[in-house]
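Visitor: Construct all of the structure, not just a fragment, from the sequences and the given hints.
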Amino acid sequence: MTKVSFTVNGRAQELELDTRTTLLDALREHLHLTGTKKGCDHGQCGACTVIVKGRRINSCLTLAVMHQCDSITTIEGLGVSGNLHPLQAAFIKHDGYQCGYCTPGQICSAVAVLGEIEAGVPSHVSGDLTTQPQATTTELRERMSGNICRCGAYSNIIDAITEVAGDRA
Amino acid sequence: MKSFTYERVCTPAEAVSSAARVQGSKFIAGGTNLLDLMKLEIEAPAHLIDVNGLGLDKIEATAEGGLRIGASVRNTDLAADQRVRRDYGLLARALLAGASGQLRNMATTAGNLLQRTRCPYFYDTNQACNKRNPGSGCAALEGFSRQHALLGVSESCIAAHPSDMAVAMMTLDAKVETVRTGGAVRSIPIAQFYKVPGDTPHIETVLEAGELITAVTLPKPVGGTHIYRKVRDRASYAFALVSVGAIVQRDGTGRLALGGIAPKPWRLEHAEAELPRGAKAVVDRLLADARPTPQNAFKLTLAKRTLGAVLAEARG
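Chains as they are written, first to last, in this note's numbering: chain A, 1 to 169; chain B, 170 to 485.
Among the clues, some could well be false.
Here are the computed lysine to aspartate or glutamate pairs in the EDC-like style, where the Cα-Cα straight-line distance is at most 20 Å [stated by the list, open to error]:
hint : chain 1 : residue 1 : chain 2 : residue 2
1    : B       : LYS171    : A       : GLU16
2    : A       : LYS53     : B       : ASP226
3    : A       : LYS38     : A       : ASP25
4    : A       : LYS3      : A       : ASP25
5    : B       : LYS171    : A       : ASP41
6    : A       : LYS53     : A       : GLU118
7    : B       : LYS208    : A       : ASP25
8    : B       : LYS389    : B       : ASP250
9    : B       : LYS195    : B       : GLU183
10   : A       : LYS3      : B       : ASP219
11   : B       : LYS208    : A       : ASP18
12   : B       : LYS449    : B       : GLU438
13   : A       : LYS93     : A       : ASP159
14   : B       : LYS364    : B       : GLU377
15   : A       : LYS38     : A       : GLU76
16   : A       : LYS53     : B       : ASP250
17   : A       : LYS53     : B       : ASP219
18   : B       : LYS195    : B       : GLU212
19   : B       : LYS473    : B       : GLU441
20   : B       : LYS208    : A       : GLU29
21   : A       : LYS3      : A       : GLU16
22   : B       : LYS208    : A       : ASP41
23   : B       : LYS389    : B       : GLU233
24   : B       : LYS364    : B       : GLU324
25   : B       : LYS171    : A       : GLU76
26   : B       : LYS171    : B       : GLU210
27   : B       : LYS195    : B       : GLU380
28   : B       : LYS195    : A       : ASP18
29   : A       : LYS3      : B       : GLU176
30   : A       : LYS3      : A       : GLU14
31   : B       : LYS171    : A       : ASP128
It is worth saying that the hints were derived from the structure and are not from the lab.
Guide: Okay, structure coming up:
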């Protein structure tokens with residue numbers, strides 16, 4: 001067992017964990033933040049996406065003990081019923097899901113994607129590596145490819161993100 | 170997952186001395202590949218040494234006019250670095266063609282070089298695999314081998330190297346800087362870094378036990394047109410069937426490396442002399458040595474066409 005302290009959604013947490021505990025299991029099983037979902041548990045589906053130190057990562061592929069002093073944001077930290085994050089509201093408006101299982105990961109990923117575009121991080125489909133990328137459909141589809149939606153709500157997911165990106169621009 | 174002890178270290182010297190002290194140690198940085206393999210018990214370290222706190226997360230200019238990329242620089246940060254985007258476009262493109270945004274945010278430069286094959290028989294612990302369990306045989310030889318390698322392969326192993334970044338590093342003549350037990354440092358040209366399987370496919374690089382990668386250095390930029398073309402089953406987030414890394418100069422000379430077709434990123438040094446004569450001459454020279462299976466023979470045609478497309482793009 002190893003002690004680890006980090007901040008989740010603004011709240012300091014101190015846990016004593018088996019070293020094998022992934023960040024995903026620490027969030028779900030120890031802190032009972034079950035918004036973050038376990039899909040494949042191998043980094044292939046993106047359902048477990050959370051934001052750590054401002055960056056989206058697969059919480060299933062990282063050990064909780066590696067996150068000493070880190071600041072972690074999960075879907076619960078983005079917005080709550082009655083006070084939704086703009087992307088949560090846009091997913092509802094555009095019907096960006098069917099079963100909803102991948103949705104927390106999709107939304108955490110989308111929040112970070114808009115940040116990455118703003119920060120000028122290029123992508124595989126960016127035509128020119130030296131110019132500022134834009135939140136086009138092509139860019140969003142490429143950048144969201146690490147989040148799988150078994151129900152196939154992709155086009156509505158892109159509509160939701162596009163609307164929020166447009167509001168920001 | 171097998172249980173293990175965990176330790177954070179602060180310097181490369183501490184990391185290598187800890188690795189020498191504790192039997193069954195492994196370094197962990199991004200963890201995107203190692204942790205996945207640990208869940209399947211393909212890797213079962215007794216002790217994990219977390220090397221994220223060593224300060225190896227910087228990209229610095231070298232006195233020779235190149236770049237020194239710290240071992241733990243994340244794939245996202247390397248691809249987004251302005252100097253990389255301007256002078257080593259091939260590297261930025263290769264990084265961005267790999268994995269997903271989430272994985273690139275975790276995956277490190279050194280970890281990317283050391284990632285293991287995605288051969289399904291390596292991953293399936295019920296199957297024979299000389300890489301996972303030396304001497305057990307190779308289930309891929311008579312199995313589903315569409316994704317597998319056809320150059321540099323042996324009777325023991327036909328697994329392909331999965332990295333996009335390493336194809337760019339091979340084309341760019343990168344060097345891998347390491348520190349060994351006792352503190353000795355060395356700089357390994359990437360052309361000498363990887364081993365072909367032979368009859369020891371479990372030995373993939375020249376690194377010694379407990380040797381830590383501290384940086385990857387790039388020589389001075391060579392100019393030219395930089396292209397990384399990746400052909401895969403999906404438009405995004407899939408490993409390469411065939412990829413081509415190319416730097417082509419105005420006079421038609423240049424450098425080429427292929428991904429997806431060999432157990433290591435495959436530099437085409439001998440074929441490069443044929444480059445001004447076009448893709449066919451290059452490919453004929455290269456693929457004379459190929460040992461395809463019936464299922465992956467299509468990669469010969471695919472490599473030829475992809476090279477042709479890359480050279481046409483380079484000519485503009």
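Visitor: Now, for every hint given, state plainly whether the structure supports it.
Guide: Consistency of the hints with the structure:
Distance hint between B:LYS171 and A:GLU16 is fulfilled; the C-alpha atoms sit about 18 Å from each other, no more than 20 Å. The suggested pairing of A:LYS53 with B:ASP226 holds, with an alpha-carbon distance near 15 Å, which does not exceed 20 Å. Between A:LYS38 and A:ASP25 the CA atoms are separated by roughly 8 Å; this keeps the pair inside 20 Å, and the hint holds. This hinted pair checks out: A:LYS3 and A:ASP25 have alpha carbons roughly 15 Å apart, not beyond 20 Å.
Using a Cα cut-off of 20 Å, the hinted pair B:LYS171 and A:ASP41 holds, with the two alpha carbons roughly 16 Å apart. Of the pairs offered as hints, the one joining A:LYS53 and A:GLU118 holds, with about 16 Å between alpha carbons and a cut-off of 20 Å not exceeded. Taken as a hint, the B:LYS208 and A:ASP25 pair is honoured in the structure, with Cα atoms around 13 Å apart against an allowance of 20 Å. Between B:LYS389 and B:ASP250 the CA atoms are separated by roughly 16 Å; this keeps the pair inside 20 Å, and the hint holds.
Distance hint between B:LYS195 and B:GLU183 is fulfilled; the C-alpha atoms sit about 13 Å from each other, no more than 20 Å. Taken as a hint, the A:LYS3 and B:ASP219 pair is honoured in the structure, with Cα atoms around 15 Å apart against an allowance of 20 Å. Among the hinted pairs, B:LYS208 with A:ASP18 is consistent with the structure: their alpha-carbon atoms are about 14 Å apart, no more than 20 Å. Pair hint B:LYS449 plus B:GLU438 holds up; C-alpha atoms about 15 Å apart against a cutoff of 20 Å.
A distance of roughly 10 Å separates the Cα atoms of A:LYS93 and A:ASP159; the hinted pair therefore holds under the 20 Å criterion. Restraint check for B:LYS364 and B:GLU377: satisfied, since their Cα atoms lie roughly 13 Å apart, inside the 20 Å limit. A distance of roughly 15 Å separates the Cα atoms of A:LYS38 and A:GLU76; the hinted pair therefore holds under the 20 Å criterion. Between A:LYS53 and B:ASP250 the alpha-carbon distance is near 19 Å, which keeps this suggested pair within the 20 Å criterion.
About 18 Å separates the Cα atoms of A:LYS53 and B:ASP219, which keeps this hinted pair within 20 Å; it holds. Distance hint between B:LYS195 and B:GLU212 is fulfilled; the C-alpha atoms sit about 9 Å from each other, no more than 20 Å. Simply put, B:LYS473 and B:GLU441 have alpha-carbon atoms about 14 Å apart, close enough for the 20 Å limit, and the pair holds. Distance restraint check for B:LYS208 and A:GLU29: the Cα-Cα separation of roughly 18 Å lies within the 20 Å cut-off, and the hinted pair is therefore satisfied.
Distance hint between A:LYS3 and A:GLU16 is fulfilled; the C-alpha atoms sit about 4 Å from each other, no more than 20 Å. A distance of roughly 9 Å separates the Cα atoms of B:LYS208 and A:ASP41; the hinted pair therefore holds under the 20 Å criterion. About 6 Å separates the Cα atoms of B:LYS389 and B:GLU233, which keeps this hinted pair within 20 Å; it holds. With a C-alpha separation of about 15 Å, the suggested pairing of B:LYS364 with B:GLU324 holds against the 20 Å cut-off.
Using a Cα cut-off of 20 Å, the hinted pair B:LYS171 and A:GLU76 is violated, with the two alpha carbons roughly 32 Å apart. For the hint pairing B:LYS171 with B:GLU210, the CA-to-CA distance comes to about 7 Å; that is within 20 Å, so the pair holds. Only pairs whose Cα atoms come within 20 Å are accepted, and B:LYS195 paired with B:GLU380 is accepted, the gap being roughly 10 Å. For the given pair, B:LYS195 sits about 18 Å from A:ASP18 by alpha-carbon distance, which is consistent with the 20 Å threshold.
Only pairs whose Cα atoms come within 20 Å are accepted, and A:LYS3 paired with B:GLU176 is accepted, the gap being roughly 12 Å. Only pairs whose Cα atoms come within 20 Å are accepted, and A:LYS3 paired with A:GLU14 is accepted, the gap being roughly 7 Å. The hinted pair formed by B:LYS171 and A:ASP128 fails the criterion: a straight-line CA distance of about 46 Å is larger than 20 Å.
Violated hints for the displayed structure, listed by number in ascending order: 25 and 31.
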